[in-house]
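Input sequences plus hints: build the corresponding full structure.
Protein chains in written order, with the working numbering: chain F, 106 to 488; chain Y, 106 to 488; chain P, 409 to 777; chain L, 409 to 777.
Please keep in mind that the hints were generated in silico from the structure rather than gathered at the bench. Be a bit skeptical, because a hint or two may be false.
To be verified - Label pairs and their calculated CB-CB ranges:
1. P:643 - F:460: 29 to 37 Å
2. F:369 - Y:217: 52 to 60 Å
3. P:752 - Y:455: 52 to 60 Å
4. P:756 - L:427: 50 to 58 Å
5. L:518 - P:578: 53 to 61 Å
6. P:519 - F:461: 51 to 59 Å
7. L:573 - Y:425: 42 to 50 Å
A quick note: this is a predicted structure, and the numbers were derived from the prediction, not measured. The C-beta atom is built at its ideal place from N, Cα and C for all residues, glycine as well.
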Amino acid sequence: MGTKECVAMLLAGGQGNRLGILTKDLAKPAVPFGGKYRIIDFTLSNCTNSGIDTVGVLTQYEPLKLHSYLGIGQPWDLDRLVGGISILPPYTSGKRGEWYSGTANAVYQNLRFIMQYDPAYVLVLSGDHVYKMDYSKMLAYHRDNGASVTIAVIKVPMEEASRFGIMTTRSDGRIERFDEKPEKPESNLASMGVYIFNWSVLRTYLIEDAGMESSSHDFGKDVIPRMLSMGERMYAYRFNGYWKDVGTVESLWEAHMDLLAEPPLFDLYDPSWRIYARNPVEPPHYIAPTAQVKGSIVSEGSVVYGQVEHSVIFHGVYIGPNTIVRDSVIMPYAEIEAGVELYKAIVAEQAVVTQNSAAEGGDGKAGAISVYSSLALTRNYTA
Amino acid sequence: MGTKECVAMLLAGGQGNRLGILTKDLAKPAVPFGGKYRIIDFTLSNCTNSGIDTVGVLTQYEPLKLHSYLGIGQPWDLDRLVGGISILPPYTSGKRGEWYSGTANAVYQNLRFIMQYDPAYVLVLSGDHVYKMDYSKMLAYHRDNGASVTIAVIKVPMEEASRFGIMTTRSDGRIERFDEKPEKPESNLASMGVYIFNWSVLRTYLIEDAGMESSSHDFGKDVIPRMLSMGERMYAYRFNGYWKDVGTVESLWEAHMDLLAEPPLFDLYDPSWRIYARNPVEPPHYIAPTAQVKGSIVSEGSVVYGQVEHSVIFHGVYIGPNTIVRDSVIMPYAEIEAGVELYKAIVAEQAVVTQNSAAEGGDGKAGAISVYSSLALTRNYTA
Amino acid sequence: MGIIYTGERNIDLQDLTRARPVATLPFGGRYRIIDFILSNMVRSSITNIGVITQSNYSSVIDHLGSGADWDLDRRRDGLFIFPPCSVQDTGGWFKGSAEALQSIAHYIQRSRQKYCVVSGSHMAYSLSLEQMMQYHQERAADITMAYYEDPQLTQVDSAHCTLLQTTPDGRIYDIAVQPRTPSGRKVYMELCILEKELLLQLVDKCVVRGHYHLVRDGILSNLQALQVYGYQFAGYVARVDSVQSYYQHNMALLDQKVRDQLITSAGKVLTKVKNEPPTRHASGARVRNCLVANGCRIYGEVENSVLFRGVRIDKGARVCNSIIMQGSHVGEDTLLEQVVLDKSVVISPGKSLIGQANYPLVISKGVTV
Amino acid sequence: MGIIYTGERNIDLQDLTRARPVATLPFGGRYRIIDFILSNMVRSSITNIGVITQSNYSSVIDHLGSGADWDLDRRRDGLFIFPPCSVQDTGGWFKGSAEALQSIAHYIQRSRQKYCVVSGSHMAYSLSLEQMMQYHQERAADITMAYYEDPQLTQVDSAHCTLLQTTPDGRIYDIAVQPRTPSGRKVYMELCILEKELLLQLVDKCVVRGHYHLVRDGILSNLQALQVYGYQFAGYVARVDSVQSYYQHNMALLDQKVRDQLITSAGKVLTKVKNEPPTRHASGARVRNCLVANGCRIYGEVENSVLFRGVRIDKGARVCNSIIMQGSHVGEDTLLEQVVLDKSVVISPGKSLIGQANYPLVISKGVTV
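Pasting the structure below:
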């Protein structure tokens, strides 16, 4: 087995229960995003575009669709002879099996996978953020600082800081303090959940952490604070681009609206940083003479007879005549029946919205986002 | 998702503890066999050669090597746009996760996978047998009988019958009685662990079985007897070819010796029934002027300086000068150092056998098989 | 097994087939003509397919690649592309379909299948080869040739076609290859089924006598000796043999009934997948009655048109009744009516191009206007 | 990026290259010559590789396929095969390497890499292009050409080679293309590194003046103006330009030192994988000092020989100092000495064939003796 300089471990086992019925039988990283992608595409494309060709994807929750979506990673150019994508579900060993009990534990259980490549660095990522980031620059920064750990950080609004891991740094970027979801944040430099570790350092701390009964085996809560308290050289790497945690219905909806701004806050058309995805085979989309489509993103295989404004229409969607779809996200193969009016809605994959179900969904004017799925017809969220 | 007539579910989660150190960190179906194959290749090649292109592989125990070996199934032509190979590890759903607690339970937890293809028939296979069988003929037999279940059976020596699931049949093949590992077997028709079920029948019984607390959720112990007691039309399909359960060190060794018979009891060179495998990239093997190789199978990348008789040498093996290797199985990338004499031995992947360790292993003359691995140096088995 | 011959010459397609065979002519916003017959075969479980190429075949190799997008990258059978130069003794050029088939006789011979589906590559249609095979077997036919009735067949069309004449029970009693005066309206779809042994015999008999056309020299002369049946296909057939027919069949796809017959109803039409973001309709865009592939950015007005991948329509542009192929860029304040832009054409701001429905204007690949 | 030109003519390889270029000549029991330079590139992290083919390229396409076996089936970069017919204006034949490179100038131009490694395809060696690139950059060279010293260079060899003359610091001051009288022993390995912009300039200057040979017309005439350095390679080089050298380099592989230098030490030599069972040495077999690929069945005696895949040696056969390519079958009670059997040759029972080490007997592909 060849040696790799840097191996990425992508945490994709999260249940994402704040996405409600959207993740009823779907892992969060497999939730559709941006007209044709799934959330995990952004992180995987970052790896490809950063020249990282060895990615372990740690899965646990409802992985069927995620596994078949990832395959051997061919859409992301990650079907390599040595390295490439490896799916790492929980497993039994010797006489016992263990579920992944925390982010650090998930990586710990796969130390043997990393060992195969004997890397200098391990990049830990999560599969539920939308952003474009060149990890190779972060790696160079890590090396230049002679750091043992580097954490990517982004400035967030002060009032939201208590939702994140917050860092206090010296002027040279070295981290002095790390508080996971502090009540009274000292700064607004939030961890993006992107870590680079020296492999030898990570291994030592993970083995130690696994033996600590009081630990919840989480990077942010346990391992990072422990490393800091032991005096490891830890640096914060400032990221200035667009970054969005799409872990809630509200943020998922907002991130879609960000795509629709003119110019978009997050650009899918950037030729220097392509977003790779598994491509469905669908005919071109059809816009009927009766349709009106404005300020929207529409993907292949969709058929539009109605009015679509400021919305994202995924592939294979049907939008019937005399409909109005505004400020909404219509996921793959959903159907909006004739006469339906939707405002500020998210319609899940393969859901059918009838005039009856739409009436229950509310008109979105009060600021609530309606979610329609084929499992439960409608549910409201306050933005 | 397209419909498939028949979906295969391949049980590959077994720990194989009767193979001892050979499966210390390796799932049984991934154990090397036949000079370049792994045990699961035979079942997968049977699927390919029988025209079955949708195979779910249920994994649980130490799956790292097995997963990377299977990939998306390209070596077996199972990388299909619809169907192909799908790896199905245990997972969490809703709030909870469950390990596969028995063969029937493993299939039960993946009913949703089967449902995608809406098959007429489900073929249940296990990944630890060596045989060449045309499942399409068995399927035709199943259809012709209007059966709801068909079980492949083979005649075994009466004295071994109590190790198997034993059937009593009418003259037309209909099963009248099924005893899992009976103390006093009524016949010597043993189940090969190859079942064809009508999908609707299987689904009904699996859902019922899942609700029964007293059940161990095993096909042979619970589901098959239950079906029989409910009067389902169940037929035995007689198989007359070579079939070997290689679940013990002894049977694994014996099966290798069967390959070496002249003519072989199990033929790897049959052009009408090719055995597919993931192929290592190795140079041709080299037989030195000092070497003597007779009645043996040798694979690529190996280098032989010593004497090899009636043995199976896998790829990348080194056999030093002044050695004798007889009646032995040397697995990939193992090294037999100069001066070593091995009789009736199995040397595991990447193990190194020195003169010291060989001395401990015994000379095989008393009928014991020595197993050498890189983990524990030697261990004896009585054949 | 299936064999697709892509060596047809189509002078009336002008610049559209200068650098490519008609097989790889872009069609319907996302496809190439050959995708349709390939998909018909794959959907009918034919997984051993040979594609014979003539000159300009590099676009065929580009498009088909390993066949993975058609599920044809297989260890047993799969897709085989035969470039002309691979046959030494013809000097790289086939004189006709029979010679082309002869050149791959070895491949046909050693295939594991009994039957052969032989097809051309300039017609797009969705046909079940399983049904056609059933028809073939029920009639115990030696050869079954697919045809459709074209009620509007003109003299011009007829000179591009092979016409069949059948008895009421379907047996073919006459064949006219490219007649100047149409004899009936039954247009041969360049698709036939026969056993591979018979195919090899027919081809061999042709070639050794210096004849090179399978239908004219191989089948026509054997209509008495063999049971040759016609299989009538009632669905939509896009016969692409001139700029006019190319334009007309693309436009026809704006009709949902035609799309259903050709693309959506019978299962997917498989094609090479490309990674493109979804299409953006800007807030100032106005798109009506259009087929639009992914990767487009539309700021202007587009009506009754087919847009391939990655097309950009700038603000103030107005595109009507036109076909815009992959990667073309229509600048600001332009007007295009009844125009076909080949790939990567640039229309500079302010320019206008107006063709006629019966004489659409074709702009060649890569040209800046 | 890497560019491999497979258009070399090798008349002295006789029938071995009648139906294939030297690039795909089977070598060393399992490989083709081109595998070595491809593997050198892939091991040095070159993942954008263009292969230019001349006639008889179908074996190149067959062998390389999508490039997956070399890890070159990529969305960004990867393997590109350029068949000659894809260039319209040369009529399918290149007059020389410069014209061949000119025909893919567009591909070179739009590549994302700054440097180009240009290679021929009739030498097999394991060389680190990373080290050669480092040498190139340390000297701030415009062009670096790899060479090795051949102490036994004969006049016959010399007429097949390009010889370099270097100053003590490595700068090249003269080049002789296929001289009848050897000028020194520094044999150019048909491998050079230069920036792609410079390559395009040199090629363009050649072609527009009607010159077609990159080294003779492009580099030699610019030795003053450009910094051209020689990079000495000390490892084993298998230069395959005649039946004698082909035979001799295969036989050399029986020496472990040569195998180490060429195959095992530098990392894997990648090649097309095929599904073959392991080789069976029957109880009556006697094999000494041989390289044996998978899929063989050996019942007879084989000594000092190289056996490719799926070879069968029957009982009573005796094979010495020979090279037996894929799928050949040596019947009972035969004797082969100093023989090269091309693919799928059958030696009928009882026949003998004896060549000489300096004149091995070559039996053409598919022949039954």
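Item to check | Violated hints - listed by number, lowest first | outcome: Violated hint: only 2; rest satisfied.
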